[in-house]
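A.B. asks: Listed here are the chains, written in short residue letters.
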Amino acid sequence: MDGIARIGRYTLDLTEQMGRMMLFVLSSFAWLTRPPFRFYQIVKQLNFIGYKSTFVVVLTAVFTGMVLALQGYYTLRKFGSEAVLGSAVALSIIRELGPVLAALMVTARAGSAMTAEIGIMRITEQIDALDTMAINPLQYLIGPKLVASLIAVPLLVALFDVVGIYGGYVVGVQLLNGNEGAYWSSIESAVEWKDVYGGILKSISFGLLISWVCCYKGFHTKHSAEGLGTATTEAVVLSAVLILVWDYFLTSVLL
Amino acid sequence: MIKLVGVEKTLGGQPVLRGVDLTIPAGKLTTIIGRSGEGKSVLLKHIIGLMQPDRGEVWIDGTDIARLKGQALNEVRKKFAMLFQSAALFDSMTVCDNVAFPLREKLRLTGDTVTRRVDEKLAQVGLAGMGHKFPAELSGGMRKRAGLARALVMEPEIILFDEPTTGLDPLMAKSIHDLIVAMHRQFGFTAVMVSHEIPEIFGISDWVAMLKKGRIAEMAPSSEFVKTTDEEIREFIFVGGTFMTKGLPTASL
Chain S
1 MDGIARIGRY TLDLTEQMGR MMLFVLSSFA WLTRPPFRFY QIVKQLNFIG
51 YKSTFVVVLT AVFTGMVLAL QGYYTLRKFG SEAVLGSAVA LSIIRELGPV
101 LAALMVTARA GSAMTAEIGI MRITEQIDAL DTMAINPLQY LIGPKLVASL
151 IAVPLLVALF DVVGIYGGYV VGVQLLNGNE GAYWSSIESA VEWKDVYGGI
201 LKSISFGLLI SWVCCYKGFH TKHSAEGLGT ATTEAVVLSA VLILVWDYFL
251 TSVLL
Chain A
256 MIKLVGVEKT LGGQPVLRGV DLTIPAGKLT TIIGRSGEGK SVLLKHIIGL
306 MQPDRGEVWI DGTDIARLKG QALNEVRKKF AMLFQSAALF DSMTVCDNVA
356 FPLREKLRLT GDTVTRRVDE KLAQVGLAGM GHKFPAELSG GMRKRAGLAR
406 ALVMEPEIIL FDEPTTGLDP LMAKSIHDLI VAMHRQFGFT AVMVSHEIPE
456 IFGISDWVAM LKKGRIAEMA PSSEFVKTTD EEIREFIFVG GTFMTKGLPT
506 ASL
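Protein sequences, first through last, are from chains S and A. The first sequence runs contiguously to residue 255 in the numbering used here. The second sequence runs contiguously to residue 508 in the numbering used here.
One should not assume that every hint holds.
Unchecked claim - Restricting the straight-line Cα-Cα distance to at most 30 Å, the calculated cross-link-like pairs of lysine-lysine (DSSO-like) are: (1) A:K482 with S:K44; (2) S:K52 with A:K388; (3) S:K222 with A:K333; (4) A:K300 with S:K222; (5) A:K333 with S:K44.
Bear in mind the hints are in silico, worked out from the structure with no lab data behind them.
Make the full structure from the sequences, and use the hints.
C.D. replies: Next comes the structure, spelled out in structure tokens:
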């Protein structure tokens, strides 16, 4: 009976937590529709989540494209199909690796920082201070991060796609002497708009997931240094896992 | 006027407030004392709506905020300011921006008007010329002063002070107390302070209330409070010997 009770308690806790998370994000979006509109805060967060993540995303994209081309070239050569290297690299990046890896990089760089920033504000009563000034923290702190993340992540994914494909070009064509025309024309013939739309759709949902999970964890940080560490770890791990799980479901729907 | 009726609150399965009945007189400085962990800060958070009671009512000028949320609660909070134990300054902003923050956010003021009001408040709390510094560059006492300037800048009707002198040396603590009293005299707001600074608070408070076992055990003008016959309260407040009270020369065992 104890075991059943524990499972029941765990299920109830999990359901309650999911309900709280849902209310958190819905309330944040609801507060965004009320004045004052926080354009400056959104631009500030775009700079932090988007612009400042550019370097790490570009770096990841270059090496992802390069390693894909390297692996792809030697695999395809066994079947005499080096000519489709471009399409193999582009489709892998646009459909899967671009959205997933860019989202994981944003989680590691910006998501963890979001949780830590909001968590410290919680511990040092800065969020309570906002409340006492009749300023809703969801509107001032969380809403702009959600919006900025929804805008920044798709743009970073688009950048990842372009840079990754060029990374593949450098290895496949410049280093391994593949055919340049075949590389680009295979991309042109294989990549369809629905691949691009699918990637964009994934990146938008990942953007929401990252800021949602990371802001929620930061906002509900327990009042201790250990609590902040736990919240940051949980935010990064949960975001990363949800990105991978959600990616599978979206792919199965989009294909 | 602030009035709490039968306020009960349980945190983590532990009853903290067990039916608090408390009336805070308008325009006076009332200090809530009590042993550590009695729930003084929790009580303060109920007064400003940062926490909601499990049972009971919290009346602020005729409005029960115990069940208010969102915009309706924010409307009542416009009467308030709060000086937190840690000062709760926004660490990404300079002192100037911290003090200017409520003016920009709530009154949508900009430019010279903000600068003038911020400079005026910083001068009043003895921080003239320190506006460009970040909170991390200030001492504990200076942070409390900056927090007080931010609390005063909107000229609120009610200011709550959560252990405003915790972590300060006796001289700095005295200067913060003197500053609170001077500002209270000048602006006439209703002040509610949570403090452990016994006997000092008896020299500055108009009223003193003692929180004991989740209830208000005693509340009286500070000069009357020290005449209490409750042995436990006498032991708590006279642990340091004799002291001055507001309106009376000396109280002692």
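A.B. asks: A separate judgement is required for each hint: does it hold in the structure or not?
C.D. replies: These are the hints, each one checked on the structure:
1. A:K482 with S:K44: violated, 58 Å
2. S:K52 with A:K388: holds, 26 Å
3. S:K222 with A:K333: Cα-Cα ~28 Å, so holds.
4. A:K300 with S:K222: Holds: K300 of chain A and K222 of chain S sit about 17 Å apart, inside 30 Å.
5. A:K333 with S:K44: holds, 27 Å
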